[in-house]
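There are 2 protein chains.
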Amino acid sequence: MLCEIITIGDEILIGQIVDTNSAWMAQQLNELGIRVKQITSISDDKQHIIDALNEAQKRADIILITGGLGPTKDDITKHTLAEYFNAKLVLNEEALANVERIFARFHRPVTEVNRKQAEVPDNCSIIQNPQGTAPGMHFQENGKHIFSMPGVPFEMKAIMESSVLPYIKSNFIGHTLIHENILTVGIGESFLATEIEDIENALPSHIKLAYLPKLGQVRMRLTANYDGAYDPNEILNYKKQISERVHKNVVAEEDISFEEAILNILIKNNKKLSTAESCTGGYISHLFTSIPGSSRAFEGGAVSYSYDLKKSMLGVTQSTLDTCGAVSQETVEEMAKGAVEHFKTDYAIACSGIAGPDGGTEDKPVGTVWIAVATPNHVVSKKFQFGNLRMQNIERTAVQALYMLFRLIREE
Amino acid sequence: MLCEIITIGDEILIGQIVDTNSAWMAQQLNELGIRVKQITSISDDKQHIIDALNEAQKRADIILITGGLGPTKDDITKHTLAEYFNAKLVLNEEALANVERIFARFHRPVTEVNRKQAEVPDNCSIIQNPQGTAPGMHFQENGKHIFSMPGVPFEMKAIMESSVLPYIKSNFIGHTLIHENILTVGIGESFLATEIEDIENALPSHIKLAYLPKLGQVRMRLTANYDGAYDPNEILNYKKQISERVHKNVVAEEDISFEEAILNILIKNNKKLSTAESCTGGYISHLFTSIPGSSRAFEGGAVSYSYDLKKSMLGVTQSTLDTCGAVSQETVEEMAKGAVEHFKTDYAIACSGIAGPDGGTEDKPVGTVWIAVATPNHVVSKKFQFGNLRMQNIERTAVQALYMLFRLIREE
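Chains as they are written, first to last, in the working numbering: chain A, 1035 to 1446; chain B, 1035 to 1446.
Calculated directly from the structure, the hints in this document are not laboratory data.
Fair warning: there could be bad hints in the mix.
Where chains are identical, the list cannot tell them apart; a pair therefore holds if satisfied intra-copy or between any two copies.
Derived DSS-like pairs: lysine-lysine, alpha-carbon spacing no greater than 30 Å straight-line [claimed, not checked]: (1) Lys1398 - Lys1191; (2) Lys1274 - Lys1302; (3) Lys1107 - Lys1248; (4) Lys1248 - Lys1417; (5) Lys1178 - Lys1150; (6) Lys1150 - Lys1080; (7) Lys1107 - Lys1273; (8) Lys1273 - Lys1302; (9) Lys1345 - Lys1305; (10) Lys1178 - Lys1080; (11) Lys1345 - Lys1398; (12) Lys1345 - Lys1378; (13) Lys1191 - Lys1071; (14) Lys1416 - Lys1305.
Make a model of the complete structure from these sequences and hints.
Written as structure tokens, this is what we have:
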């Protein structure tokens, strides 16, 4: 069972937006064990859409299309699909009810243009769009399945989650897939693979291990593929073997982000966290506060970019700043201790560094970063030397700071 | 002159990474006036690469390929290109010197695997990679140009900027392209288009206007295309007409982000800014501090997620929190005034809201956000009602807060 994704829209081809839809869809399909053969981005052009559909049908069984379903003139996907299938556009009552429901919510009248959103080719089944006026459409022809969805990410996701993925799961997946995740930090992919080589080699053929690396982190995903009855403990046993082997680097055993894993531990232990950010400038706080419910463990913190704020918000002393500078072990430790004390938390993270591209010196080149983590009676600090790309330095600092906090929590 | 982009790599097709390379390349080409016809993402599979190349050559004159140039077994792009062009792999001395230079920098020996990075098909011109060991390659066949580059974003960008884009510019662009940008906030694309309809209609055929919208902002880009001699003031005159017509909403007249535009004004006026973030949780600080040199105007701020930190860091009173709650006009104004006072800045931004998905009440549903901006003797606040998606609420709050600050600065 192969799948292809076609994203339609000039805004992708002129580089105005990054196509995040495809990656999300590919990830969801990958979790169902369905391979994506190709992702194609094309313009709002009738012949190009038809050519892409023809090509995709030669290679794949399921084709997911996004984009071009808006109400404006340049949105031509629906008309092109109607022409492609020799179908007529007809008003769909269910889709119209959805349009009316959405406009009623905003107390606005349904115009003729809006009503047209409820017209669909007469050979498709509509898929309700809980988040917008353009319905999804499901076409079947010669054993191929073509799903057309809006390009707005949260509308596409709502349609995928409520309808398309469940449909694919119940119609095309005969077997049972079980996933187990292990998130590691502080060990590279190749070292990890060497560490667990014997366990990986001993996996039965119906259990696969995938390595999914990203900046400073590697997620391992075990996928078991069962045809009939199975023992749910089988995959868990392998997961346990791997986790135990590299336990120092394991930060989560679920499919969650590193920051969410840390929040979960803090919430479980009824502990509070604060931050004192200089070079990361709010990024670490942003990571935590992007997680729903983070306020149960994350109190907040200081973005202390200036000397003055390092002193007034965190109690860093003038003499430390004068003697050692802002990017130093002494300053970052005072920042972390100051955060614990001033913000009355059980833990604090502090960072100070030269993110770049300018501001480096011979002693402290761009990419020099000091990180400290503290409790009310303990502080640990470490120096890092990253590269010269500002955003990468900010992100790397965040991952390393979270890892230092994680180890501090575990060692206590 | 049409272009296509082919990105090679299983990690894209399993959704492990978002393909940001294509958008960046498309943007660069678009600025040169070159149309991208299609973007195709395919796996590290020989036949699939060959098929994609054949298809792309039917449609386009320039083909940019990224990915599959690493030293590991699954990186097969180079071998596939050699086979495709019936070429032999030969060691390239210039490329080898680059590999040796990079390894010398890290004081590591060049292994056999690393040396192989310097082998290229004998029918290509190599393009030096200032950031990595895999050289870029330029193939010419039947008037078509094929450029192969690494998939690592900063390596690809370095090769594009140092070689590919200049090559395209000097060989394929006979005319002169001039771009002018106007960034607007607080007005939707369709309203904007109506406002300036007569100016747009009066544009000569060699000057085009593009609308590039994103969350709360619309960038307008004028592009003039001259064949021979030209008057550089022509495009500036149209830009001035448009800017004056919608001056209330214009926040920048260069190709920069909104936050950078604000920082530039603050730096020029020698003013300082601080933040007091609750629902945005550090995101606004992160936006500012992502800009190199932001420390010249941005002092820092408080991420005051908890009641306690709103009191201790910003001086919000217990009685205000008790009477009005954290998400209220009174609290957000005290936060903004507190930031100006405690952080000794000329301006401050404060936000407090219910980002969701939980935590709403009948009075204050999810998406309720109060924003205030303040100077030492003035404070302005406003209530917003956004939707129920956490990240969108955070981003929308940030844009609106920046816009309120921008207007406050201008009105002073």
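To see whether the hints hold, each was checked on the structure:
Only between protomers do Lys1398 and Lys1191 lie at most 30 Å apart by alpha-carbon distance; the minimum there is 27 Å, versus 46 Å within a single protomer. In this assembly of identical chains, the alpha carbons of Lys1274 and Lys1302 lie at most 30 Å apart only when taken from the same copy (22 Å versus 59 Å across copies). Taking identical chains as interchangeable, the C-alpha atoms of Lys1107 and Lys1248 lie at most 30 Å apart only when they sit on different chains, with a minimum of 19 Å there against 40 Å within one chain. With identical chains, the CA atoms of Lys1248 and Lys1417 are at most 30 Å apart within one copy only, with a shortest distance of 22 Å there and 39 Å across copies.
In the homo-oligomer, the alpha carbons of Lys1178 and Lys1150 lie at most 30 Å apart inside one protomer (27 Å), although the nearest pairing across protomers, at 43 Å, exceeds that limit. Taking the closest pair of Cα atoms, Lys1150 and Lys1080 come within 30 Å of each other only inside a single copy of the chain (19 Å); across copies the shortest separation is 45 Å, beyond that limit. For the homomeric pair Lys1107 and Lys1273, the shortest alpha-carbon distance between copies (26 Å) is at most 30 Å, but the shortest distance inside one copy (53 Å) is not. Proximity of Lys1273 and Lys1302 under a CA criterion of 30 Å is satisfied intra-copy only: 23 Å inside one chain copy versus 57 Å between copies.
Taking the closest pair of Cα atoms, Lys1345 and Lys1305 come within 30 Å of each other both inside a single copy (26 Å) and across two copies (20 Å). For a Cα distance limit of 30 Å, the shortest separation of Lys1178 from Lys1080 qualifies both inside one copy, at 21 Å, and across copies, at 25 Å. Proximity of Lys1345 to Lys1398 under the C-alpha cut-off of 30 Å is restricted to the intra-copy arrangement: shortest distance 22 Å within a copy versus 37 Å between copies. In this assembly of identical chains, the alpha carbons of Lys1345 and Lys1378 lie at most 30 Å apart whether taken from the same copy (17 Å) or from different copies (13 Å).
In this homomeric assembly, Lys1191 and Lys1071 come within 30 Å of each other (Cα to Cα) both inside a single copy, at 20 Å, and across copies, at 26 Å. In this homomeric assembly, Lys1416 and Lys1305 come within 30 Å of each other (Cα to Cα) only inside a single copy, at 23 Å, whereas the closest approach across copies is 34 Å.
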